[in-house]
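In order, the protein sequences belong to chains A and B.
Every position in the first sequence, counted from 1, becomes a number in my numbering once 1169 is added.
Every position in the second sequence, counted from 1, becomes a number in my numbering once 16 is added.
The hints are simulated quantities; they were obtained by calculation from the structure and are not laboratory data.
For each residue, glycine too, the CB sits at the ideal point set by N, CA and C.
Be aware that one or more of the hints could be misleading.
Chain B stretches covered by chain A per the calculated footprint, using a threshold of three residues with CB under 8 Å from any CB of chain A [unchecked claim]:
{"id": "1", "stretch": "30-39"}
{"id": "2", "stretch": "80-91"}
{"id": "3", "stretch": "108-122"}
Computed cross-link-like contacts, PhoX-like style, restricted to lysine-lysine with a CA-CA straight-line distance of at most 25 Å [to be verified]:
{"id": "4", "chain 1": "A", "residue 1": "K1223", "chain 2": "A", "residue 2": "K1237"}
{"id": "5", "chain 1": "B", "residue 1": "K73", "chain 2": "A", "residue 2": "K1274"}
{"id": "6", "chain 1": "B", "residue 1": "K73", "chain 2": "A", "residue 2": "K1174"}
{"id": "7", "chain 1": "A", "residue 1": "K1277", "chain 2": "A", "residue 2": "K1174"}
{"id": "8", "chain 1": "A", "residue 1": "K1174", "chain 2": "A", "residue 2": "K1237"}
{"id": "9", "chain 1": "A", "residue 1": "K1225", "chain 2": "A", "residue 2": "K1240"}
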Amino acid sequence: DQQVKQNSPSLSVQEGRISILNCDYTNSMFDYFLWYKKYPAEGPTFLISISSIKDKNEDGRFTVFLNKSAKHLSLHIVPSQPGDSAVYFCAASATAGSYQLTFGKGTKLSVIP
Amino acid sequence: KAGVTQTPRYLIKTRGQQVTLSCSPISGHRSVSWYQQTPGQGLQFLFEYFSETQRNKGNFPGRFSGRQFSNSRSEMNVSTLELGDSALYLCASSLAGTPQETQYFGPGTRLLVL
Chain A
1170 DQQVKQNSPS
1180 LSVQEGRISI
1190 LNCDYTNSMF
1200 DYFLWYKKYP
1210 AEGPTFLISI
1220 SSIKDKNEDG
1230 RFTVFLNKSA
1240 KHLSLHIVPS
1250 QPGDSAVYFC
1260 AASATAGSYQ
1270 LTFGKGTKLS
1280 VIP
Chain B
17 KAGVTQTPRY
27 LIKTRGQQVT
37 LSCSPISGHR
47 SVSWYQQTPG
57 QGLQFLFEYF
67 SETQRNKGNF
77 PGRFSGRQFS
87 NSRSEMNVST
97 LELGDSALYL
107 CASSLAGTPQ
117 ETQYFGPGTR
127 LLVL
């Protein structure tokens, strides 16, 4: 039973346009959400996070939106750059209980010059 | 500050063998977590260690085990390897392993089981 779902395995976007990556979760105990970016042959690198007490967090070109009622979050990248081409993983954790990150299967973003 | 290092980077084993992977966390980090990444499955949590104690364990068979040393370095062991164990094994470290801390990942060890 997949608790964090990224339903789009891949996404192609033109350089300069907005990239929107989506993530859904089913576990109501999740209260902290993160996005990681992964290039081939490297480990995932932390991108941005959001606590469930917020509905938006922004860091430069990256913004994460959280809709708790829909159990949905999204990552917006504006403007998209070719260097953003990577696999993006959504992850979630629950403050109460054992600490572990639950990851989605990832979305491969391709930014076309 | 040096990042998380993992050795070896690549490994080829045959079914039935066992393997040990090593992870050195960022200096000062005391929590080390291990993940398995397979095509189409994303990253799946294996276990987490803090101060030499396993605090959390994912849903993996007992063939998967680990330990942490007093210097926070960690090893994971897989015994009686199966073809399905072929994967990228990632370790991540954080200061104390609290839920809202960022985990920093190493480059991974790619294991191929023939």
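Verification of the hints:
{"no.": "1", "hint": "30-39", "result": "violated (count 0)"}
{"no.": "2", "hint": "80-91", "result": "violated (count 0)"}
{"no.": "3", "hint": "108-122", "result": "holds (count 10)"}
{"no.": "4", "hint": "A:K1223 <-> A:K1237", "result": "holds (9 Å)"}
{"no.": "5", "hint": "B:K73 <-> A:K1274", "result": "holds (20 Å)"}
{"no.": "6", "hint": "B:K73 <-> A:K1174", "result": "holds (21 Å)"}
{"no.": "7", "hint": "A:K1277 <-> A:K1174", "result": "holds (14 Å)"}
{"no.": "8", "hint": "A:K1174 <-> A:K1237", "result": "holds (15 Å)"}
{"no.": "9", "hint": "A:K1225 <-> A:K1240", "result": "holds (14 Å)"}
Hints 1 and 2, counting from the list given before, are not met by this structure.
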